[in-house]
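Peer 1: Please work from the sequences and hints to get the whole structure.
Sequences listed follow chains D, C and Y, in order. Everything in the first sequence is counted per my numbering, starting at 27 for the first residue and increasing by one. Everything in the second sequence is counted per my numbering, starting at 27 for the first residue and increasing by one. Everything in the third sequence is counted per my numbering, starting at 27 for the first residue and increasing by one.
No wet-lab data here; the hints were simulated from the structure. As the structure is a computational prediction, the values presented were derived from the model and not from experiment. Take these hints with a grain of salt, some might be off.
Copies of one chain are not kept apart here, so a pair can be met inside one copy or by any two copies together.
[To be verified] Heads up, simulated DSS-like pairs for lysine-lysine below, C-alpha to C-alpha not over 27 Å straight-line:
1. K60 to K80
2. K71 to K323
3. K221 to K287
4. K71 to K60
5. K60 to K254
6. K124 to K156
7. K361 to K347
8. K80 to K95
9. K348 to K221
10. K102 to K49
11. K124 to K254
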Amino acid sequence: MEFTAQQIADFLQGEVIGDAQVKVNNVSKIEDGKPGTLSFLANPKYTHYIYTTKASIVLVNRDFEPEEKITATLIKVNDAYSCIAQLLNLVSQARPEKKGIDSSASIAASVTIPQSIYIGAFTYIDENVKLGENVKLYPQVYIGENVTIGENTIIYPGVKIYHDCVIGSNCIIHAGTVIGADGFGFAPHNGSYEKIAQIGNVVIEDFVEIGANTTIDRATMGSTIIRKGVKLDNLIQVAHNVEVGNNTVIAAQTGIAGSTKVGSHCMIGGQVGFAGHISIGDRVNVGAQSGIPNNVKPDSTILGYPAVPAREFARSVVMIKKLPELRQTVDDLRKEIEALKKQLGK
Amino acid sequence: MEFTAQQIADFLQGEVIGDAQVKVNNVSKIEDGKPGTLSFLANPKYTHYIYTTKASIVLVNRDFEPEEKITATLIKVNDAYSCIAQLLNLVSQARPEKKGIDSSASIAASVTIPQSIYIGAFTYIDENVKLGENVKLYPQVYIGENVTIGENTIIYPGVKIYHDCVIGSNCIIHAGTVIGADGFGFAPHNGSYEKIAQIGNVVIEDFVEIGANTTIDRATMGSTIIRKGVKLDNLIQVAHNVEVGNNTVIAAQTGIAGSTKVGSHCMIGGQVGFAGHISIGDRVNVGAQSGIPNNVKPDSTILGYPAVPAREFARSVVMIKKLPELRQTVDDLRKEIEALKKQLGK
Amino acid sequence: MEFTAQQIADFLQGEVIGDAQVKVNNVSKIEDGKPGTLSFLANPKYTHYIYTTKASIVLVNRDFEPEEKITATLIKVNDAYSCIAQLLNLVSQARPEKKGIDSSASIAASVTIPQSIYIGAFTYIDENVKLGENVKLYPQVYIGENVTIGENTIIYPGVKIYHDCVIGSNCIIHAGTVIGADGFGFAPHNGSYEKIAQIGNVVIEDFVEIGANTTIDRATMGSTIIRKGVKLDNLIQVAHNVEVGNNTVIAAQTGIAGSTKVGSHCMIGGQVGFAGHISIGDRVNVGAQSGIPNNVKPDSTILGYPAVPAREFARSVVMIKKLPELRQTVDDLRKEIEALKKQLGK
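Peer 2: Structural data, given as structure tokens:
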């Protein structure tokens with residue numbers, strides 16, 4: 027599909043500066059824009075690229091005023107970043123939609139299948155599973171007994187969902203993620219360990235997106251809960267009986283130990299570790315690779331191992347860097363004191 | 027299934043305080059107990075919940091004496107925690123057992139199948155695989171050539187076990203785990219790398235449980251070994267030629283580099299990293315997120331990056347927190363010395 | 027298969043010391059060598075094992091001169107380590123090669139299949155996939171639409187490759203790895219988040235090896251790129267629009283945040299975290315568990331959190347260890363100054 031600058035400007039309610047008839051059929055980043063593609067300028071750090079980019083069209087904010095000649099056609103819009111997101115969505119939706127039930131899928135007799143569903147090859151659906159309208163189950167997915175999946179939810183290839191788990195509507199779960207494996211619970215017994223059965227489940231609310239190869243364990247009793255609008259990246263570990271509050275965003279490889287409660291609207295960096303049985307307030311920001319041993323108050327910004335307020339962390343880093351200097355100062359002072367003592371002793 | 031307080035008390039050899047005929051059909055945590063469920067009080071931190079819980083029955087230790095009125099029926103037992111574990115096991119065992127061989131499974135001609143086995147849909151079993159009695163292979167499992175799996179072992183959906191690996195009896199391996207992929211071995215050669223073939227295997231002894239999406243690499247030569255009774259959580263990395271000693275417990279996202287030997291009865295926190303070619307003694311405790319560059323003596327408790335004895339770590343944390351104060355003290359001393367020098371110079 | 031010491035020496039152009047007719051049928055490590063196996067001595071740390079090993083043959087470097095009696099037959103070669111790698115390769119290649127197309131595989135009509143291919147059971151290949159000669163797709167692999175896979179590439183069980191991705195020739199991708207899942211991109215909108223469609227792809231160049239359960243996300247626009255000869259270990263996270271330069275080696279559980287560019291010939295330890303939108307020079311060495319918040323110059327060796335030059339890190343570690351001592355010194359100086367002041371005040 028090709029569009030002219032004018033067509034795109036009309037769609038985005040923007041204004042064309044330059045050749046309104048130039049055509050594009052793809053999207054590119056401004057630093058490696060090619061002819062026939064549309065790019066955008068949202069971050070001022072990238073402004074210099076606009077004078078050399080080979081992209082045919084560049085979306086810019088209305089207040090952008092070029093300081094040199096620009097070859098590309100410009101489309102001025104209110105918010106270039108949100109407009110490019112809209113266009114990416116358009117392009118993405120242009121892909122043919124998956125539909126129908128692959129004849130190789132294994133579906134238990136008790137499962138009712140909505141007309142609008144997609145079930146891919148080698149996908150396994152056990153007894154009493156409930157599937158909403160427009161659910162998409164890609165190939166090689168496993169859905170255990172009594173699982174419920176809400177409408178419009180997309181489950182990518184190879185996802186495994188154990189029995190009794192509940193997945194909301196409008197969720198996206200990426201390939202290889204495991205939901206509802208047993209929590210890590212053992213009781214010491216004569217030098218070895220006895221398994222504590224994990225009879226709870228996992229509840230994922232609506233509008234949650236989960237990355238690839240992430241693991242969310244079922245609760246010992248009750249539920250491990252991922253609230254509405256949460257976004258989890260790849261390779262994240264969520265232990266049994268954890269609760270993650272609504273609209274919290276967590277970057278890759280972070281781990282949350284058992285029974286910890288993370289608040290809503292938090293932003294958690296990558297490779298962070300939370301101890302078990304602690305409570306993190308709402309709107310907390312945690313820097314990448316931090317270790318959180320204790321409760322955290324709402325609206326905190328913390329960092330480090332163990333995590334401290336970001337300002338304190340920065341100060342410690344500087345202090346540690348200057349330790350050799352501090353040590354030298356102390357040595358110098360010692361010498362001066364020795365000199366003073368000698369002088370006085372005289 | 028429903029049980030009365032009296033039936034449960036009889037089973038646990040406990041004593042009923044309150045309505046012996048009240049019935050429950052599920053288990054709950056005391057802080058969110060619902061009518062018709064049984065809960066328990068083991069951790070004194072949670073005692074206050076017993077006066078408000080809506081659970082119909084609460085298991086308590088024999089020495090528990092209420093200080094206020096309690097609505098729930100109590101069952102007094104010798105060890106509430108171990109009793110709840112027993113009950114969770116009962117509930118868990120009440121789930122219908124998986125049996126039989128799914129017609130879609132792909133099983134090589136040379137494999138002998140015990141009558142008691144479960145083999146799920148789309149599971150692949152290659153030549154010369156040996157399967158013990160009561161083995162359960164969930165759907166979409168891959169078992170490479172010459173693999174041996176001992177009796178009563180459960181392999182959850184999507185687990186991949188490469189050729190020649192040996193899995194003991196009474197093991198549990200959760201979904202998405204990969205056992206026996208090639209160790210990470212390359213020889214530098216003219217600025218690029220040549221693969222070193224990994225011809226060893228992985229040996230998992232009896233009573234081992236492994237979480238979801240964990241990876242255990244095959245040895246270059248010989249075996250990567252997970253000893254009897256080891257419990258590994260999710261997303262753990264075990265490199266080639268590692269050995270983990272019996273009854274050691276390792277939390278999620280920990281990584282063990284090549285040829286390292288971890289002792290028996292260790293307790294390793296989450297996100298810990300072990301360097302390669304080192305030896306960790308028996309009964310070592312390692313705090314979460316620690317980095318272990320060198321050998322560790324038996325019976326140590328260590329923490330930090332690089333890890334040090336726990337007490338030393340705690341002291342360093344305090345010291346670093348107080349660095350600004352120390353610096354201020356040094357500045358003050360400098361001024362006093364200046365003053366003294368002036369006074370003496372007079 | 028069995029070989030005599032003489033046959034092996036001829037193959038490796040080595041010289042036999044001892045019984046040239048002794049036979050071996052496997053390879054072992056020198057510390058646990060068994061009769062009938064061949065072992066090697068490359069690392070001087072292991073020299074003492076040569077006097078007690080039960081291996082029948084040991085490869086040694088030409089300059090090795092025993093100081094005691096050795097039972098094993100020796101084969102002297104120019105480079106024992108590279109010779110053992112050659113032999114491991116031979117053993118590994120002796121395994122029967124997988125061939126043919128399993129009848130249960132699901133292959134879209136538009137896909138052309140080379141004669142030399144292996145496609146395992148329950149593998150799914152979507153429309154317009156292009157497969158090179160000698161490609162091996164193990165069971166339960168998922169290949170999305172328009173994916174290209176170059177000749178001789180091996181894809182192990184359960185790997186998932188999303189649509190539009192490009193895999194080079196002579197690559198190896200281990201079980202459970204996910205390539206091309208959506209990058210983690212969301213735009214804040216009235217307290218929740220809107221997904222930014224990820225319409226780019228992943229490009230893996232030739233001679234790349236990727237471990238098990240690793241995740242490499244597709245680009246928002248353009249490509250996430252893994253250059254020629256890169257080796258990635260298990261459980262690594264590569265975010266959208268990252269580029270990893272040729273012949274860079276990255277150990278397990280490392281994470282690279284979005285749009286970061288890692289140079290060529292780097293060596294990255296395990297559990298390292300790279301911030302997003304930064305640039306790492308060529309030939310950079312990063313110690314395990316480091317956190318990299320900013321750009322790094324070529325030829326650096328860095329370590330720590332945040333990472334600093336390795337020498338500075340080592341110094342800081344010592345300094346922190348000695349903080350109690352420094353504090354004591356400062357206290358002592360304070361007392362001496364008090365004493366001096368008293369003396370002067372008299």
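Peer 1: Take the hints in turn and mark each one as holding or not.
Peer 2: Here is what the structure says about each hint:
1. K60 to K80: Answer is within: at 5 Å inside a copy they meet the 27 Å cutoff, but 65 Å across does not.
2. K71 to K323: between (34 Å within a copy, 21 Å between copies)
3. K221 to K287: Both: 24 Å inside a copy, 25 Å across copies.
4. K71 to K60: For K71 and K60, the Cα distance is within 27 Å only inside one copy (20 Å; across copies 56 Å).
5. K60 to K254: between (39 Å within a copy, 24 Å between copies)
6. K124 to K156: Close inside one copy (20 Å) and across copies (20 Å); limit 27 Å.
7. K361 to K347: Intra 24 Å, inter 23 Å, cutoff 27 Å: intra and inter.
8. K80 to K95: within (13 Å within a copy, 73 Å between copies)
9. K348 to K221: This pair counts as neither: shortest intra-copy Cα distance 50 Å, inter-copy 44 Å.
10. K102 to K49: Intra 17 Å, inter 69 Å, cutoff 27 Å: intra-copy only.
11. K124 to K254: within (26 Å within a copy, 34 Å between copies)
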